[in-house]
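Each residue of the sequence shown is one higher than the one before, counting from 1 in this note's numbering.
Note that these hints are calculated values from the structure, not bench results. Everything numeric in this text was worked out from a predicted model, so none of it was measured. Keep in mind that a hint or two might mislead.
As the list claims (entries may be wrong) - Label pairs and their computed distance ranges (CB to CB):
hint, residue 1, residue 2, range
1, 115, 314, 49 to 57 Å
2, 94, 115, 12 to 20 Å
3, 301, 117, 43 to 51 Å
4, 62, 314, 51 to 59 Å
5, 184, 60, 32 to 40 Å
6, 295, 71, 45 to 53 Å
7, 102, 300, 26 to 34 Å
8, 294, 259, 20 to 28 Å
9, 184, 116, 27 to 35 Å
10, 100, 222, 30 to 38 Å
11, 117, 311, 41 to 49 Å
12, 280, 79, 31 to 39 Å
13, 94, 206, 14 to 22 Å
A virtual CB, placed ideally from N, CA and C, is assigned to each residue, including glycine.
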Amino acid sequence: MRQHDFDDFDLFDQQPSRRRTSRRARFDDEPEPTRGGRLTEGERVRLAKLRDDAYTETQLPDGADRWSTWDDAEHGPLPRPDWVVTELAAVDTDLGVLKTGKEADVHLLRRGLPGTDGVLLAAKRYRSDEHKLFHRDAGYLEGRRMRRSREMRAIEHRTSFGRNLIAEQWAVAEFAALSRLWTLGAPVPYPVQRSGTELLLEFLGEDDGTAAPRLAQVRPDPDELKDLWFQATAALELLASEGLAHGDLSAYNLLVHRGRLMVIDLPQVVDVVANPGGVEFLARDVRNLAGWFHGRGLGEHVTNTGELLAELVSAAGLT
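Taking the hints into account, I'd like the entire structure generated from these sequences.
Written out as structure tokens, the structure is:
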């Protein structure tokens with residue numbers, strides 16, 4: 001995303017810092033206090049709500065796992081689809097894991113009022129302290145900035161606090177990118193809400209909970225293959241026109257939902273103008289995507305990757 005977009009979603013300036021004036025003076029020979037890893041503000045709020053629910057409710061309706069977190073979350077863009085459940089009396093039921101990854105797990109979640117069928121959602125939950133995450137984040141974070149040196153030091157040294165900040169920064173970045181792209185009409189799932197490091201997204205699949213297949217899993221005939229390629233290039237061109245590259249595009253983070261190619265997994269979306277390696281990110285997306293289509297029999301005379309990359313660079317305003 002463009003550098004100024006991250007200012008609108010800054011994680012660290014929500015509360016002004018306060019220095020306690022009545023703190024007891026520390027003697028020279030007194031050891032410094034020790035501190036463990038700290039959670040981000042969003043995570044503290046989310047975990048406190050879960051604890052409150054546990055204390056006040058002995059049993060949730062319909063065997064649900066929690067009350068709806070809608071009230072405490074950042075909401076998706078307007079106009080909101082009519083299937084989004086916004087009632088605070090709704091409950092969330094975790095139906096199991098859809099996908100696991102290095103940075104996050106995706107669960108199938110049902111949200112609805114007690115006694116109703118509700119709606120299926122994909123709950124993407126970023127992991128932080130307990131895993132060595134975001135092994136490639138240095139390149140993706142170029143062009144993004146934070147306003148407090150304390151947070152930057154924590155991230156650079158990969159402390160427990162720093163890794164939690166990285167996880168929440170990725171969640172904020174993905175939610176912002178999805179909101180922006182969905183508003184533009186891009187083929188992305190609707191972002192329902194963000195609460196801490198959890199995103200609730202439109203579930204791309206069937207009513208029985210069967211998820212849409214990844215592009216890597218489908219075996220299209222020649223006409224379908226060509227159609228999917230042109231859908232993919234249209235998505236790349238739309239992102240480039242906004243100065244963005246997916247940053248990690250492959251046949252594994254594209255879904256084919258009822259004949260339509262859908263782009264997912266956007267935490268590392270790259271601002272190709274602010275990022276010094278922006279053109280290379282565009283080129284890598286093109287190479288990865290074209291490689292899969294070539295392997296399925298689509299010729300270079302159709303993909304014409306050199307011309308496509310030149311068009312993307314031009315659309316991003318880099319020429």
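* To do: Go through the numbered hints given earlier and state which of them the structure violates, listing their numbers in rising order.
  => Failing hints: none at all.
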